[in-house]
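*Asks:* Make a model of the complete structure from these sequences and hints.
Residue numbers (our numbering), protein chains in the order written: chain A, 137 to 418; chain B, 137 to 418; chain C, 137 to 418; chain D, 137 to 418; chain E, 137 to 418; chain F, 137 to 418.
Simulated from the structure, these hints should not be mistaken for lab results. A couple of the hints might just be wrong.
Copies of the same chain look alike in the list, so a pair counts if it works inside one copy or between any two.
[What the hints assert, rightly or not] Once the Cα atoms are required to be at most 30 angstroms apart in a straight line, the calculated DSSO-like pairs of lysine-lysine come out as:
no., residue 1, residue 2
1, K144, K417
2, K410, K167
3, K282, K352
4, K167, K203
5, K410, K282
6, K410, K203
7, K144, K203
8, K410, K212
9, K417, K212
10, K203, K417
11, K282, K212
12, K417, K282
6 protein chains.
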Amino acid sequence: MAQNYSFKYFTVQFPAESPYVAHVEINRADKMNAFFEAMWLEMRQVFTQLSEDSSVRAIVLSGAGEKAFTTGLDVKAASQGGPLSSDSNLDPARKAVHLRRHVLEFQDCITAVERCEKPVIAAMHGFSLGLAIDLSTAADIRLCSKDVRFAVKEVDIGLAADIGTLSRLPKVVGNFGWVKEVALSARIFGAEEALRVGFVSSVYENRAATIAAALKLATLIASKSPVAVQGTKEILNWSRDHSVQDGLRYTGVWNSAALQTGDVSAALLSGLQKRTPTFEKL
Amino acid sequence: MAQNYSFKYFTVQFPAESPYVAHVEINRADKMNAFFEAMWLEMRQVFTQLSEDSSVRAIVLSGAGEKAFTTGLDVKAASQGGPLSSDSNLDPARKAVHLRRHVLEFQDCITAVERCEKPVIAAMHGFSLGLAIDLSTAADIRLCSKDVRFAVKEVDIGLAADIGTLSRLPKVVGNFGWVKEVALSARIFGAEEALRVGFVSSVYENRAATIAAALKLATLIASKSPVAVQGTKEILNWSRDHSVQDGLRYTGVWNSAALQTGDVSAALLSGLQKRTPTFEKL
Amino acid sequence: MAQNYSFKYFTVQFPAESPYVAHVEINRADKMNAFFEAMWLEMRQVFTQLSEDSSVRAIVLSGAGEKAFTTGLDVKAASQGGPLSSDSNLDPARKAVHLRRHVLEFQDCITAVERCEKPVIAAMHGFSLGLAIDLSTAADIRLCSKDVRFAVKEVDIGLAADIGTLSRLPKVVGNFGWVKEVALSARIFGAEEALRVGFVSSVYENRAATIAAALKLATLIASKSPVAVQGTKEILNWSRDHSVQDGLRYTGVWNSAALQTGDVSAALLSGLQKRTPTFEKL
Amino acid sequence: MAQNYSFKYFTVQFPAESPYVAHVEINRADKMNAFFEAMWLEMRQVFTQLSEDSSVRAIVLSGAGEKAFTTGLDVKAASQGGPLSSDSNLDPARKAVHLRRHVLEFQDCITAVERCEKPVIAAMHGFSLGLAIDLSTAADIRLCSKDVRFAVKEVDIGLAADIGTLSRLPKVVGNFGWVKEVALSARIFGAEEALRVGFVSSVYENRAATIAAALKLATLIASKSPVAVQGTKEILNWSRDHSVQDGLRYTGVWNSAALQTGDVSAALLSGLQKRTPTFEKL
Amino acid sequence: MAQNYSFKYFTVQFPAESPYVAHVEINRADKMNAFFEAMWLEMRQVFTQLSEDSSVRAIVLSGAGEKAFTTGLDVKAASQGGPLSSDSNLDPARKAVHLRRHVLEFQDCITAVERCEKPVIAAMHGFSLGLAIDLSTAADIRLCSKDVRFAVKEVDIGLAADIGTLSRLPKVVGNFGWVKEVALSARIFGAEEALRVGFVSSVYENRAATIAAALKLATLIASKSPVAVQGTKEILNWSRDHSVQDGLRYTGVWNSAALQTGDVSAALLSGLQKRTPTFEKL
Amino acid sequence: MAQNYSFKYFTVQFPAESPYVAHVEINRADKMNAFFEAMWLEMRQVFTQLSEDSSVRAIVLSGAGEKAFTTGLDVKAASQGGPLSSDSNLDPARKAVHLRRHVLEFQDCITAVERCEKPVIAAMHGFSLGLAIDLSTAADIRLCSKDVRFAVKEVDIGLAADIGTLSRLPKVVGNFGWVKEVALSARIFGAEEALRVGFVSSVYENRAATIAAALKLATLIASKSPVAVQGTKEILNWSRDHSVQDGLRYTGVWNSAALQTGDVSAALLSGLQKRTPTFEKL
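*Replies:* Written out as structure tokens, the structure is:
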């Protein structure tokens with residue numbers, strides 16, 4: 137049985153037909169799921185809890201309402217407080233300290249998605265601007281609907297995207313010219329282009345179909361050995377940031393424990409018996 | 137008002153209809169823009185100056201004449217002097233020192249394009265061989281015309297490309313097999329293939345259309361906050377070479393100063409007032 | 137004249153029409169070329185020898201029989217011995233030591249393909265599962281036939297792929313979402329998809345046509361200066377794992393010796409004389 | 137005025153004669169300050185709060201009671217629960233996941249000392265075993281009394297030190313042979329040896345004198361510009377883990393904001409006027 | 137019972153009074169233990185075998201005869217063959233390939249000492265020149281006798297030390313000025329200086345006393361849990377080459393298996409019962 | 137014959153009794169050799185020229201006048217212009233860009249000493265504050281006189297040292313606690329302490345004796361093969377910033393050219409003939 141999840145800006149559901157899958161939804165549809173500080177702090181809590189919840193093996197992340205996955209930062213809320221508002225009595229160096237702390241904490245909330253031990257599939261639709269890109273590049277797999285409108289919006293409000301897009305997008309999409317173009321121009325791009333460059337893996341008819349597909353993929357992944365799946369996520373993320381030699385060694389050390397799982401024999405036996413294996417919780 | 141630029145092998149123009157955009161052209165059309173040492177030394181000067189010229193916010197780089205962006209190294213000129221010519225009285229270790237100094241200096245001239253704080257868009261056409269690839273991978277965005285003929289030509293003259301292609305191309309194009317194939321075979325590839333693998337972002341009818349498109353994109357980028365644009369270029373290049381964690385931290389430190397720009401409020405206000413923002417020089 | 141190669145599980149041939157090309161074939165067609173320990177140890181020998189054989193300038197790797205390049209690990213053989221079988225009297229920490237040694241040695245046998253100084257082209261067909269992916273990502277270029285069926289199969293037997301796929305695939309294919317999807321779902325993918333994401337460079341009608349194309353490409357590469365070709369492979373692999381700055385410096389140091397080859401003048405002269413250059417052995 | 141600090145296992149005091157200095161003491165003297173889980177979780181809270189408390193500019197960390205700074209892990213408490221105790225129904229791979237989460241969280245609590253933006257001076261005396269080394273290598277400066285008895289004790293209880301000693305000690309003490317010897321032999325070493333190899337900066341007569349010296353040094357540091365001091369700590373830690381080139385660039389970016397402090401002119405003016413400068417809070 | 141070791145240039149003994157300790161001696165006293173190729177190839181075999189021999193938990197490495205640990209490369213033997221001798225018909229680039237292969241293989245033989253899973257203590261006396269430094273920096277701990285005469289001799293024969301000294305010495309001794317001075321001047325330094333800068337851990341009266349002390353230290357280390365000892369060596373070497381953050385994570389992953397050893401409870405129980413623990417083989 | 141050197145703030149001499157040695161002196165004794173911008177720009181020129189001057193094989197750097205090697209930045213000059221002075225009409229983000237460019241250029245001038253291919257020995261005396269530390273950590277070897285007074289002075293003027301000390305000092309001195317203490321406290325330390333921690337290699341009676349000793353050491357180094365000496369400097373600096381594995385490989389590639397020098401046989405022959413070898417210029 138999954139833990140009890142009760143949050144203010146996020147819903148967490150466990151669809152009956154998707155064993156071991158958690159469906160997280162950004163739940164501020166009336167504001168097009170725009171984020172303010174309390175939301176990203178809460179989001180970190182959500183993914184930190186799911187990371188260690190042994191009833192969860194895969195996660196889908198979507199946005200409530202038909203209009204937007206998220207339009208990004210709620211600029212109005214941001215301008216009414218927080219480090220971007222005026223603290224006129226501080227010198228620029230002191231203001232920089234406050235800004236840095238703020239940015240690093242904000243980044244950490246997004247990184248909670250990457251740090252989550254379970255694979256996360258982002259199912260996006262409608263406006264998916266700014267923070268939507270930061271957030272989804274911290275996820276493992278991205279799907280979207282035909283009506284999606286993506287943009288790395290930050291240069292249009294006078295800043296370099298600082299919550300993850302600039303660090304992660306070049307490692308998610310192997311087309312550095314395209315990454316630079318969309319980050320420097322802030323132009324909108326749609327589903328087809330996102331698919332072509334590899335930002336998303338597939339495109340679906342609408343929001344509902346995208347979420348359904350994400351749940352289906354999550355269910356497939358959740359049916360595999362959780363030892364194998366979580367090891368695979370971890371090692372792929374490590375390898376992205378290290379040389380092949382360091383990646384191989386880390387894999388060897390990781391698997392020296394992981395290979396001692398009962399899941400290997402469970403999987404092999406099920407294979408021979410042509411039935412679905414059952415794996416212990418993790 | 138932009139600084140005065142007067143060079144021998146390069147023209148630098150400031151098209152009236154493209155505020156804050158510099159158009160740099162390799163200007164040796166009669167030799168298909170082939171490079172010799174004085175040219176790359178001058179090119180470093182061009183981009184070093186543009187990097188700090190506050191009247192410039194984006195740069196287009198093209199080649200004069202209809203035939204070629206550049207055919208690469210002027211082999212004839214190279215063979216008549218320089219470290220590849222015979223210094224028969226030096227032992228191989230001493231010759232190696234001279235060659236290394238020469239290569240590192242040559243590389244540094246190309247890196248001046250990457251180091252330039254303003255985004256650089258390469259607009260290529262016709263023969264774009266050898267050095268053309270080194271040079272354009274140091275640019276931020278690559279466009280080309282239909283008639284372009286690319287090749288990583290170096291193995292055909294008995295050497296491994298050493299001015300940047302082998303270091304940068306695998307990070308510009310996320311298709312390592314293709315990178316190896318074109319680098320090992322030296323075969324020609326055209327616009328369509330370049331687009332498919334992500335080496336260029338778009339293809340245009342001819343040289344003029346390519347340059348026009350590059351200028352248009354540069355003009356768009358130059359209309360954004362220069363604080364945001366230049367920060368975005370810098371952080372993307374840093375992130376390419378570091379782990380995500382190091383990328384995030386560098387971004388946080390960078391933005392602790394950059395977020396104190398007046399451009400954020402200028403951009404936000406213009407957004408509310410539906411007018412084009414004006415940004416101070418940088 | 138090439139060295140004499142006589143192996144048990146691999147054939148090594150030198151096609152007359154492909155000078156300087158070695159054709160290595162996995163030779164256990166009756167078991168769909170499934171691997172067990174003696175095979176990967178032998179494979180390391182094959183590639184270590186070819187690496188220093190001066191009669192060899194490019195290598196094609198294929199699988200015997202119509203059904204499979206390789207179906208991966210011979211699970212039956214693996215379960216009858218080796219570290220995955222039960223050593224019930226060891227505590228988990230000690231068992232981990234044995235597993236780690238085993239994995240690191242296994243990885244090293246695959247890395248022999250990457251370490252081989254000559255370019256290796258993998259020509260794949262039919263079932264190409266698990267180890268097929270590990271193996272081919274250690275090669276330089278991948279080609280396949282229409283009937284190929286790829287899968288990163290490991291999660292289906294309860295483990296994270298540990299022989300190289302997770303470390304190398306994200307650096308071979310610049311589409312991190314796709315890499316995660318196929319590694320987490322273990323689903324089959326075919327030739328067309330492999331081509332689209334850049335896992336293979338081209339697709340051919342059948343096994344024979346794929347091998348023919350691989351031999352043709354190998355022959356082309358083998359006709360170039362071996363100093364240039366081997367330097368290109370080495371520098372590209374180094375650059376993949378280092379920053380651009382480190383890549384440039386390494387290239388400069390490497391080429392300070394390599395540029396002193398006679399191949400440069402041989403190539404230049406042949407170019408002027410419109411004839412095929414001949415290069416000394418290496 | 138400093139924030140209110142009320143903790144269970146740690147005391148936090150603000151000595152009147154040491155402006156801007158916090159004195160943190162491990163407060164479990166009856167058990168020789170041995171640690172159990174609640175303590176290290178609390179310690180993370182202490183240093184996280186101090187890190188952002190603008191009334192604090194330097195920190196001294198000591199242990200209550202005459203006998204020990206800390207004897208390390210409270211093995212008894214550890215064996216009665218937590219991941220080292222038996223969860224006999226889990227397979228080794230699942231147990232490994234629990235152990236890893238536990239170790240990483242424990243490490244993070246120690247890293248809170250390193251992450252704390254203010255310099256931390258460890259004042260050690262008596263038994264300073266195991267965790268004492270992990271903890272003090274995360275501090276910035278180490279002082280000790282003559283009666284100190286240090287040991288990297290972990291191999292004596294059958295494990296490799298995993299909370300930081302093995303990662304940090306080689307970077308704190310530039311004598312790799314000595315580091316290996318004390319880590320592999322678990323032997324006791326005293327104040328004189330610690331001073332000779334550079335593990336501590338100075339040795340004092342007894343616990344009281346050590347703490348007094350630490351407070352004096354902390355007071356000196358706290359009298360400097362907090363912008364300068366905190367920048368210095370941050371850049372030194374960054375430089376330890378990066379190349380000189382990366383260190384220089386990070387410093388340049390960091391200081392582009394930090395140099396805009398009013399502290400520079402305050403410091404210069406005070407220098408001319410021969411009086412003590414006052415710096416704004418940070 | 138230890139495996140049978142029978143080598144030509146090395147003796148391997150198992151002193152009765154030092155359980156689990158192997159004593160390796162370079163055995164070419166008549167030539168002051170100078171090395172030629174067959175010797176370093178054999179040395180790699182010795183340490184590769186010892187690395188996996190479960191009867192061995194610590195190793196002492198010394199040189200036979202009173203005069204020298206080793207005088208380094210046998211220059212005479214080296215000049216009579218091998219890649220340094222003249223292959224006058226090869227161009228410098230081709231010669232470079234042969235030299236590089238040769239150097240990398242030679243390095244790998246020395247690295248076998250570092251790669252060996254068991255701690256290695258070098259006990260040095262008399263002439264300990266050139267290769268002696270390369271070799272001993274690959275060991276974990278260095279001891280020497282009063283009569284030792286060290287030198288990084290390579291610049292005196294016209295080359296930069298390439299078998300490990302230049303890569304490892306700066307990480308063994310935290311005094312970069314001293315490292316540069318001895319490497320650039322090739323001057324002799326003695327036991328006292330070596331002790332002062334931390335190159336050796338202790339100095340003994342003569343060869344016999346040094347070996348005795350090394351065996352005693354090895355015996356102490358061999359009495360500890362082999363899981364703990366070998367993990368400590370591995371993690372310290374990894375940490376030397378990585379950031380603290382990467383070191384901590386690797387440690388966490390490593391220990392997730394290693395903490396499941398029976399040695400922890402064996403050690404704890406023995407501690408309570410005041411008796412010497414016994415540990416299973418590894 | 138050495139090139140002609142004529143500079144404004146530096147003298148460059150070639151002592152007759154020290155063949156191949158250049159003696160560079162900071163020549164502003166009346167201002168205690170305090171630096172302003174024109175000086176560090178000139179210093180870069182000096183070392184860039186010496187780096188490629190084949191008549192120079194080793195360099196000594198000292199300060200004119202009895203009082204100081206250098207007291208560091210000429211604060212008065214700095215406050216009258218440059219980026220630290222007020223540009224009140226720029227926002228903090230724009231000011232940051234100017235500061236960053238300024239710092240990076242300043243750093244690059246100091247790095248010219250490290251980048252210089254020939255070993256540089258700093259001979260220090262009297263006041264050696266702030267920039268003196270930045271500068272001397274970029275040198276290879278540091279000597280000083282008894283009267284020296286060192287300080288990492290920057291925190292006392294409200295800033296974190298940004299021209300190299302914080303990046304290089306932790307890699308020059310293997311005592312991270314001491315480095316932090318002197319950097320955070322800005323306290324003076326003398327010759328004896330500098331020697332004890334390894335910041336300097338030796339201490340001499342006075343300025344003259346220090347310079348004499350530096351020239352003697354430089355003369356010794358200059359008598360060795362320049363191929364060997366310059367390779368040793370380069371590889372040691374590379375190794376400082378890379379893993380042992382990367383260090384070994386770089387060494388192998390470097391030496392594949394360097395070992396083809398005639399210096400090896402010249403050195404060996406001279407050794408046999410008991411005479412001083414002569415080496416070709418480099």
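*Asks:* With reference to the structure, classify each hint as holding or not holding.
*Replies:* Now for the hints, and whether the structure bears them out:
no.	hint	in the structure
1	K144 to K417	within (28 angstroms within a copy, 36 angstroms between copies)
2	K410 to K167	between (49 angstroms within a copy, 21 angstroms between copies)
3	K282 to K352	both (18 angstroms within a copy, 28 angstroms between copies)
4	K167 to K203	within (10 angstroms within a copy, 54 angstroms between copies)
5	K410 to K282	between (38 angstroms within a copy, 28 angstroms between copies)
6	K410 to K203	between (44 angstroms within a copy, 22 angstroms between copies)
7	K144 to K203	within (20 angstroms within a copy, 50 angstroms between copies)
8	K410 to K212	between (57 angstroms within a copy, 16 angstroms between copies)
9	K417 to K212	between (44 angstroms within a copy, 27 angstroms between copies)
10	K203 to K417	neither (37 angstroms within a copy, 38 angstroms between copies)
11	K282 to K212	within (29 angstroms within a copy, 46 angstroms between copies)
12	K417 to K282	neither (37 angstroms within a copy, 40 angstroms between copies)
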